[in-house]
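Visitor: Next come the chains, spelled out residue by residue.
2 protein chains.
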Amino acid sequence: MDIATLREQHPDHWKLASAIRALAMDAVQAANSGHPGMPMGMADVATVLFQKHLKFDAKAPKWMDRDRFVLSAGHGSMLIYALLYLCGDAQVTLDQIKKFRQKGALTAGHPENFLLDAVETTTGPLGQGISTAVGMAIAEESLRARFGKKIFDHKTYVIAGDGCLMEGISHEAIGLAGMQKLKNLVVLWDNNNITIDGRVDKACITDQRMRFKAAGWKVLHCDGHDPEDIDRALTEAQKSNAPVFIDCKTIIGFGSPNKADTYSVHGSPLGDAEIDATKKIYGWDHGAFEIPADVKSTWEAIGARGAAERGEWEERFGAISATKQAEITRMMDGGVSKKLAGAIRKFKKDNSEAAPKVATRKASEMVLGAINPAVPETIGGSADLTGSNLTKTADLGVFDPENRKGRYVHYGIREHGMAAAMNGLWLHGGVRPYGGTFFCFTDYARGAMRLSALMKVPAVYVMTHDSIGLGEDGPTHQPVEHLAICRATPNTWTFRPADVIETAEAWEMALTTEETPSVIALSRQNLPTLRTKHTNQNMVSKGAYVIEEAEGKRQAILMATGSEVEIALKAREILQAQAIGTRVVSVPCMELFDAQDETYRRRILPAGAVRVAVEAAIRQPWDKYLLGERGRETKAGFVGMEGFGSSAPAPELYEKFGITPEAIAEKVKSLL
Amino acid sequence: MDIATLREQHPDHWKLASAIRALAMDAVQAANSGHPGMPMGMADVATVLFQKHLKFDAKAPKWMDRDRFVLSAGHGSMLIYALLYLCGDAQVTLDQIKKFRQKGALTAGHPENFLLDAVETTTGPLGQGISTAVGMAIAEESLRARFGKKIFDHKTYVIAGDGCLMEGISHEAIGLAGMQKLKNLVVLWDNNNITIDGRVDKACITDQRMRFKAAGWKVLHCDGHDPEDIDRALTEAQKSNAPVFIDCKTIIGFGSPNKADTYSVHGSPLGDAEIDATKKIYGWDHGAFEIPADVKSTWEAIGARGAAERGEWEERFGAISATKQAEITRMMDGGVSKKLAGAIRKFKKDNSEAAPKVATRKASEMVLGAINPAVPETIGGSADLTGSNLTKTADLGVFDPENRKGRYVHYGIREHGMAAAMNGLWLHGGVRPYGGTFFCFTDYARGAMRLSALMKVPAVYVMTHDSIGLGEDGPTHQPVEHLAICRATPNTWTFRPADVIETAEAWEMALTTEETPSVIALSRQNLPTLRTKHTNQNMVSKGAYVIEEAEGKRQAILMATGSEVEIALKAREILQAQAIGTRVVSVPCMELFDAQDETYRRRILPAGAVRVAVEAAIRQPWDKYLLGERGRETKAGFVGMEGFGSSAPAPELYEKFGITPEAIAEKVKSLL
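Chains as they are written, first to last, in this note's numbering: chain F, 1 to 672; chain U, 1 to 672.
Hints in this document: simulated from the structure, not taken from any laboratory. Treat the hints with care, since some could be wrong.
Any copy will do: because identical chains look the same in the list, a pair fits if it lies in one copy or spans two.
Using 25 Å as the maximum straight-line C-alpha spacing, the simulated SDA-like pairs for lysine to any residue come out as follows [said to hold, decoys possible]:
1) 635 to 594
2) 103 to 663
3) 62 to 223
4) 624 to 491
5) 533 to 273
6) 15 to 329
7) 542 to 644
8) 635 to 623
9) 533 to 643
10) 362 to 298
Hey, can you work out the whole structure from these sequences and the hints?
Guide: Written as structure tokens, this is what we have:
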């Protein structure tokens with residue numbers, strides 16, 4: 001639909017949409033940076049969505065039964081900021097719109113969930129929004145099944161562009177959503193045929209409608225500038241039994257006389273002259289950032305549309321039992337189940353006595369056997385490695401279209417999609433997600449794992465097969481740099497437990513934070529229980545601790561993690577037999593150790609002894625402990641990997657790469 | 001087709017295929033580790049492919065006009081090992097088959113290109129093979145256009161499983177291949193409906209045929225156990241004008257009476273009893289690893305099938321000019337163009353005089369302007385950020401279906417697919433690939449970038465917008481841990497040049513190695529030319545060097561990279577003004593510095609001075625230089641990032657995070 005027709009036939013709609021467009025142009029111009037083209041293109045769709053379909057109350061952005069709105073094409077952030085301002089969001093004031101992309105503004109370059117309550121998820125890295133939304137839709141299905149549709153009955157709407165759909169992660173996400181028949185998920189495709197490099201067909205000729213159909217979605221389409229047609233499609237979307245893909249044909253930079261339908265309007269300000277010309281075409285006779293009172297009040301009425309519905313919901317919520325209310329509220333707030341601490345304590349006590357010799361991946365399965373009954377909000381899963389990651393416990397049914405009460409997701413061979421869905425599960429609320437794959441395939445999930453850290457999502461990544469200890473599968477499957485990668489990532493806890501007890505403690509830490517994702521790196525090979533003396537204290541919470549003290553004068557300190565702690569303890573025996581007093585420090589989590597006070601850190605790693613770190617991985621993260629602090633001399637060494645691994649049985653690889661008690665003892669002696 | 005019919009109607013084929021199946025079962029059993037199900041399922045397809053379609057000569061696995069065969073489902077490695085042994089490959093002896101997955105064997109758990117000549121690419125991480133193959137097909141199209149189909153006229157065949165097709169990277173790869181109309185690419189889908197977690201539809205209901213059709217592929221199907229039907233499909237594939245997807249319906253572990261068509265045959269040995277029972281069903285009355293002479297000789301004849309065709313090709317190749325022969329041979333061998341050194345030298349000389357103040361991404365574009373005419377084998381590209389990465393020079397036409405001579409690929413918004421395609425371009429031979437995206441989106445390409453390193457592919461990753469210096473786009477786009485990630489990865493050169501001269505030197509290094517991928521991290525913001533005194537020597541090749549010496553007694557050493565070298569030089573001015581003698585060391589590539597001899601390293605970083613490292617990224621990779629070597633005391637500090645970035649104009653972010661000349665000077669003084 002062209003502008004003249006639109007203005008004539010839908011004058012009220014036109015004004016509402018023009019307000020979005022004008023704000024987008026003005027804010028990008030003021031910032032001299034940003035992406036005006038997308039908000040200008042999708043303003044009509046967004047207006048109809050907010051005016052007629054989205055269930056929300058602008059005054060209560062955290063209302064738990066709201067529809068979720070995800071701007072997957074996050075560069076078009078002015079679309080959501082304009083909508084929030086116009087609807088009367090408490091945080092997004094006109095001042096914030098004017099400070100778009102400036103230091104300290106809540107209106108950051110891309111929408112950030114940690115800055116604005118109404119931003120459901122940080123978007124910007126393409127493809128993440130649509131994939132995170134799949135997790136939100138799973139969470140809603142799960143909670144609806146468990147608590148009833150009087151409490152949970154909402155949809156997740158996504159606006160996605162060509163970038164989102166070209167990214168590989170979108171394939172994983174739409175495949176998962178299609179299989180799961182997530183009828184509560186609606187994706188609106190901003191089909192404008194433009195990317196940064198030019199017209200889409202320069203790089204992509206994919207028939208997106210056919211593609212979504214192939215993945216099991218219901219496919220609709222509309223003229224993205226015709227409010228009636230948009231409304232028709234959105235209305236039809238409500239009746240689907242599968243996730244819905246709506247192809248919205250739009251023009252990027254709609255109305256800009258010289259830049260519409262070109263990539264030049266994608267990521268740059270239009271310039272004052274072009275803004276003036278565009279506003280003239282819009283019939284928008286107002287200064288920069290100026291919204292006429294009637295338009296603003298109509299928008300505010302839209303923002304208040306859901307207030308009555310929310311009131312009814314509050315009544316329904318108030319009518320359920322106080323216990324259930326408290327439980328739902330705790331789960332939605334991400335609080336810790338009171339039963340967890342006791343379950344972990346009992347598990348530790350039992351297992352320090354039983355002292356099983358098991359792989360830490362098996363230990364993790366055992367711990368989950370204690371956790372999952374005590375923590376009803378966990379939803380586990382694996383990227384098609386259930387029997388290897390050992391993430392499924394007996395009590396978890398499988399979440400699928402026939403059993404929405406199941407708490408285990410077969411994510412398929414979709415590591416990245418799984419990680420993004422885990423983000424969505426948490427961001428929706430009510431769920432603590434964990435999911436497994438081989439540690440090496442952190443590589444495939446990095447994009448979403450980084451967002452877990454940035455968005456403060458305490459997802460738990462159960463990463464098994466954590467070193468050359470996996471053996472025959474060889475270097476493509478053997479992580480060597482991945483501990484360094486996880487430790488390099490801000491706000492990420494990287495656990496590498498040494499035995500069943502440390503595994504339990506790592507899980508306890510991972511499940512009691514509300515803002516930090518955890519990577520738990522677990523062995524394929526069996527390891528003895530080292531902590532056979534029970535303590536209620538969570539030693540992993542300290543990050544590092546003395547697991548075996550030196551006898552006699554302390555000449556050496558060995559630091560190790562995971563499967564190498566056992567090897568370090570054997571090295572200690574060799575050294576002690578030669579009267580070299582040797583302390584062994586287990587370092588299950590560097591981030592937590594670094595967060596301890598200096599007194600504790602110096603107590604664990606005192607000056608004056610030779611230090612050798614042992615880890616079947618590269619040295620980079622260890623240098624900080626091998627470095628003497630501020631002028632303190634330390635002779636130090638490292639026993640680990642210098643390059644990629646190799647294919648052979650695990651014990652032979654440890655020999656080949658020289659990660660043995662003997663080699664460690666030799667290293668210590670060479671430094672004394 | 002069932003086994004009884006197959007044995008009766010195609011007895012000769014059956015014996016050939018049985019040989020593959022028997023070897024797969026025996027080798028996995030002997031190793032007590034591996035994946036027999038896939039080779040057993042795809043033996044018929046592979047037999048027909050090798051016997052009737054694949055152009056190859058087992059005695060000349062590096063013949064440049066051979067068809068490429070990629071086992072994307074690399075866990076089924078015994079399929080390719082069995083084929084190679086049976087065809088008479090010089091490396092894969094029966095002894096190697098017996099040593100499958102053992103220490104030192106060429107027959108590693110997954111096929112490794114660096115172990116076997118006939119393995120075109122390392123596979124194992126799912127989805128990589130099919131995506132790498134797209135690069136191989138592009139290389140063939142490009143070379144055919146440039147040198148004629150008498151020299152280059154071959155196909156790339158891929159065997160892919162459900163895992164490969166579920167991974168996101170496959171979406172990027174098939175989208176790219178479809179748009180590029182790569183008719184020389186044929187994917188054979190092992191459609192066995194089984195993954196590790198069970199039946200495929202537990203996680204995926206995608207209609208793969210429709211999906212490939214949506215991406216512009218020609219779609220065929222066949223009974224994967226009927227040799228005539230397989231042959232019909234492969235024959236039809238020859239006539240396509242688009243890439244071809246053949247849905248081969250197969251049964252995993254075909255013939256195993258108790259395990260066929262179940263996941264239990266996917267990744268575990270069958271056991272002796274089941275092997276005996278299976279061989280009975282096969283009518284295979286031979287001991288473990290035993291291949292009857294007639295079967296072996298038939299297979300060896302298949303291995304020699306292409307010898308005559310290769311002879312004809314050798315004649316054609318011999319008939320072209322000696323210059324052209326030499327050029328093609330050099331390009332296929334990966335040798336360096338003789339014109340490169342001169343072009344770089346001239347560029348450096350010109351620019352040390354002109355001393356432009358440009359972003360290093362712009363500097364990179366300028367260098368490419370000198371490189372691309374001198375190095376005809378480069379094929380550049382970008383993941384839809386051409387105008388941001390500045391990877392396209394004027395002389396490069398666009399490679400697309402209408403212009404196969406173009407040397408620039410619009411990869412689309414497909415970072416992972418781009419990286420894998422770059423691997424394929426190099427592995428095919430004849431091409432030096434480079435490609436760009438934002439440095440932060442290393443995250444999206446990690447899977448393939450790791451394989452560049454493992455496979456020794458000297459791809460060049462042009463990673464612009466390398467720090468908070470990109471400004472307003474905010475933390476999702478601002479790398480902080482990515483330098484650490486690249487530096488942690490074995491066999492990867494991470495360059496962060498400080499000015500136009502270092503940028504040229506980094507490019508020279510990247511283009512003269514035949515075994516190491518390079519990441520060149522480049523600034524968005526302008527930087528002055530620091531190296532205004534020309535030298536022919538490539539200083540970046542040393543990894544680190546003194547860019548400004550201390551005046552007076554050397555009390556401090558500042559180390560910095562990229563955009564922070566300028567800041568360190570300003571800090572030096574402050575310190576020198578206070579009579580604190582300060583050396584500034586530019587560290588454009590840690591890996592190359594660490595490879596220098598100790599004398600050089602000590603000369604650049606001598607003992608006795610305070611050391612402060614400056615980089616707008618996290619500290620992890622720097623600790624090794626802040627650590628005094630073996631008992632040498634060093635007071636050291638770091639000025640950089642401790643967490644994620646933020647959205648604001650770049651200069652304000654440098655202030656906010658305290659990466660300023662003043663902060664550096666203060667840090668030095670606090671340590672003195």
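Visitor: Now, for every hint given, state plainly whether the structure supports it.
Guide: Now the hints, each set against the structure:
1. Taking the shortest alpha-carbon separations for residue 635 and residue 594, both the intra-copy value of 21 Å and the inter-copy value of 19 Å come in at or below 25 Å.
2. Proximity of residue 103 and residue 663 under a CA criterion of 25 Å is satisfied inter-copy only: 20 Å between copies versus 52 Å inside one chain copy.
3. In this assembly of identical chains, residue 62 and residue 223 lie within 25 Å of each other by CA distance neither inside one copy nor across copies; the values are 32 Å within and 54 Å between.
4. Within a single copy, residue 624 and residue 491 get their C-alpha atoms as close as 18 Å, and across copies as close as 22 Å, so both meet the 25 Å cut-off.
5. Neither within a single protomer nor between protomers do residue 533 and residue 273 lie at most 25 Å apart by alpha-carbon distance, with minima of 76 Å and 45 Å respectively.
6. In this homomeric assembly, residue 15 and residue 329 never come within 25 Å of each other (Cα to Cα): the closest approach is 40 Å inside a single copy and 66 Å across copies.
7. In this assembly of identical chains, the alpha carbons of residue 542 and residue 644 lie at most 25 Å apart only when taken from different copies (24 Å versus 31 Å within one copy).
8. When the C-alpha separation of residue 635 and residue 623 is checked against a cutoff of 25 Å, the pair qualifies both within a copy, at 12 Å, and between copies, at 15 Å.
9. With identical chains, the CA atoms of residue 533 and residue 643 are never at most 25 Å apart, being 37 Å at best within one copy and 37 Å at best between copies.
10. In this homomeric assembly, residue 362 and residue 298 never come within 25 Å of each other (Cα to Cα): the closest approach is 59 Å inside a single copy and 48 Å across copies.
Of the numbered hints listed earlier, those contradicted by the structure are 3, 5, 6, 9 and 10.
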